[in-house]
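Engineer: Take a look at the letters that make up each chain.
There are 2 protein chains.
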Amino acid sequence: MKQALYLDDLKVGDTFVSERYQLSTEKIKEFAREFDPQVFHCDEQLAEDTFFKGLAASGWHTASITMKLLTESLPFAHGIIGAGGEINWPLPTRPDDILYVKSTIKEIKPSKSKPNQALLLVESETLNQKNEVCQKLTAKLLSFRKSEG
Amino acid sequence: MKQALYLDDLKVGDTFVSERYQLSTEKIKEFAREFDPQVFHCDEQLAEDTFFKGLAASGWHTASITMKLLTESLPFAHGIIGAGGEINWPLPTRPDDILYVKSTIKEIKPSKSKPNQALLLVESETLNQKNEVCQKLTAKLLSFRKSEG
Numbered sequence: 006m007k008q009a010l011y012l013d014d015l016k017v018g019d020t021f022v023s024e025r026y027q028l029s030t031e032k033i034k035e036f037a038r039e040f041d042p043q044v045f046h047c048d049e050q051l052a053e054d055t056f057f058k059g060l061a062a063s064g065w066h067t068a069s070i071t072m073k074l075l076t077e078s079l080p081f082a083h084g085i086i087g088a089g090g091e092i093n094w095p096l097p098t099r100p101d102d103i104l105y106v107k108s109t110i111k112e113i114k115p116s117k118s119k120p121n122q123a124l125l126l127v128e129s130e131t132l133n134q135k136n137e138v139c140q141k142l143t144a145k146l147l148s149f150r151k152s153e154g
Numbered sequence: 006m007k008q009a010l011y012l013d014d015l016k017v018g019d020t021f022v023s024e025r026y027q028l029s030t031e032k033i034k035e036f037a038r039e040f041d042p043q044v045f046h047c048d049e050q051l052a053e054d055t056f057f058k059g060l061a062a063s064g065w066h067t068a069s070i071t072m073k074l075l076t077e078s079l080p081f082a083h084g085i086i087g088a089g090g091e092i093n094w095p096l097p098t099r100p101d102d103i104l105y106v107k108s109t110i111k112e113i114k115p116s117k118s119k120p121n122q123a124l125l126l127v128e129s130e131t132l133n134q135k136n137e138v139c140q141k142l143t144a145k146l147l148s149f150r151k152s153e154g
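From first to last, the protein sequence lines stand for chains F and V. The opening position of the first sequence corresponds to residue 6 in the working numbering, with each subsequent residue numbered one higher. The opening position of the second sequence corresponds to residue 6 in the working numbering, with each subsequent residue numbered one higher.
Check before you lean on any hint, since a few could be wrong.
Given that identical chains are not distinguished, each listed pair holds provided it fits within a single copy or across any two copies.
[What the hints assert, rightly or not] No more than 20 Å apart at the CA atoms, straight line, and that leaves these computed lysine to aspartate or glutamate pairs for EDC-like:
1. Lys145 - Glu130
2. Lys151 - Asp54
3. Lys119 - Asp54
4. Lys34 - Asp13
5. Lys34 - Glu77
6. Lys107 - Asp19
7. Lys58 - Asp48
8. Lys107 - Glu24
9. Lys111 - Glu91
10. Lys141 - Glu91
11. Lys145 - Glu91
12. Lys107 - Glu77
13. Lys34 - Asp48
14. Lys32 - Glu49
15. Lys151 - Glu137
16. Lys145 - Asp13
17. Lys32 - Asp101
18. Lys145 - Asp19
Honestly, the hints are just simulated from the structure, not real lab data. If you're wondering where the values come from, they're calculated on a predicted model, not measured in any experiment.
The task is simple: from the sequences and hints, build the whole structure.
Structural biologist: Structural data, given as structure tokens:
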């Protein structure tokens, strides 16, 4: 268990690197069957003739795996609570991919109405085993001062 | 099966409304165990003392359910292929929620390099049974001319 980090402990430029996550054909299809049952996420053969030219994970699957890796790599006090953000998928993730996430605090915006809180802008890149960026997420995350706890 | 819509068939202001999706405590916990194992998504009792004051679905779970509803309500030819977008969660989704998605085409940007393609800006609001907006997603989606197919 990493030590919980409060707003007082954080500064712009702080970086966090996650563990690795092994994707697979079965995981891609299982997520797709439940949440994104499109042919390029569900069927290797039929996926060949689509935009993706082969089986690719749903972008929301990549986002969910990223969240899992963030819960293990961003030890923020009170948890990772996101108000929203901007997400981009420059490349799809594939069955053989081994993914990891690099996060950097880009900005710390103190709350005007709540002196014990701030909004962090955290940029998280999800990379594959070739270090290609498959997803870029800039999330607005809540951070709390120690006194608040 | 709805008729597939090509770029030629779409215009700014077109709207699409999805079916309803019933959330549940078990679905919230199941998603959370795999992708977002934080206490406010996993344990009703412990969630009471957190920011969310009760069990809430992961934002990425809400996003994934939204995607499922979009695959059923946006009949775009060649599927729903997203380059990215902006996502915000004004309210968490809860075990009893019945969710649906209203989508509107806000902008159509023809591709400069690929005359058969355009990027659609599609705003999708995910609402609960009280018609409260729980998620707002503005996605960049690919659209193709009929000739391309």
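Engineer: One pair to classify: Lys58 and Asp48, alpha carbons no more than 20 Å apart. Within, between, both, or neither?
Structural biologist: For Lys58 and Asp48, the Cα distance is within 20 Å only inside one copy (11 Å; across copies 41 Å).
Engineer: As a check of your reading, is Lys107 near Glu24 (CA-CA no more than 20 Å) within one copy, between copies, both or neither?
Structural biologist: within (10 Å within a copy, 37 Å between copies)
Engineer: Can you tell me if Lys32 and Asp101 fall within 20 Å by alpha carbon in one copy, between copies, both or neither?
Structural biologist: Only inside one copy: Lys32 and Asp101 sit 11 Å apart there, 28 Å across copies, limit 20 Å.
Engineer: Classify it for me, Lys34 with Asp48: is the Cα-Cα distance of at most 20 Å met within a copy, between copies, both or neither?
Structural biologist: within (8 Å within a copy, 28 Å between copies)
Engineer: Have a look at Lys34 and Asp13 and pick one of within, between, both or neither, based on CA distance no larger than 20 Å.
Structural biologist: neither (42 Å within a copy, 31 Å between copies)
Engineer: One pair to classify: Lys151 and Glu137, alpha carbons no more than 20 Å apart. Within, between, both, or neither?
Structural biologist: So Lys151 and Glu137 fail the 20 Å test inside a copy (37 Å) and across (33 Å) alike.
Engineer: I want to check one pair: Lys145 and Asp13. Are their C-alpha atoms no more than 20 Å apart within a copy, between two copies, both, or neither?
Structural biologist: within (17 Å within a copy, 37 Å between copies)
Engineer: How would you label the pair Lys145, Glu91 (within, between, both, or neither) given a Cα cut-off of 20 Å?
Structural biologist: Both: 9 Å inside a copy, 11 Å across copies.
Engineer: Go through the copies and call it for Lys34 and Glu77: within, between, both or neither, with a Cα cutoff of 20 Å.
Structural biologist: between (24 Å within a copy, 18 Å between copies)
Engineer: Evaluate Lys151 and Asp54 at a C-alpha cut-off of 20 Å and name the case that applies: within, between, both or neither.
Structural biologist: between (54 Å within a copy, 16 Å between copies)
Engineer: Which holds for Lys145 with Asp19 at a C-alpha limit of 20 Å: within a copy, between copies, both or neither?
Structural biologist: within (15 Å within a copy, 30 Å between copies)
Engineer: Between the shortest in-copy and the shortest cross-copy C-alpha distance, which are at most 20 Å for Lys107 and Asp19: within, between, both, or neither?
Structural biologist: within (11 Å within a copy, 38 Å between copies)
Taken one by one, the earlier hints fail for this structure at numbers 4, 15, listed in ascending order.
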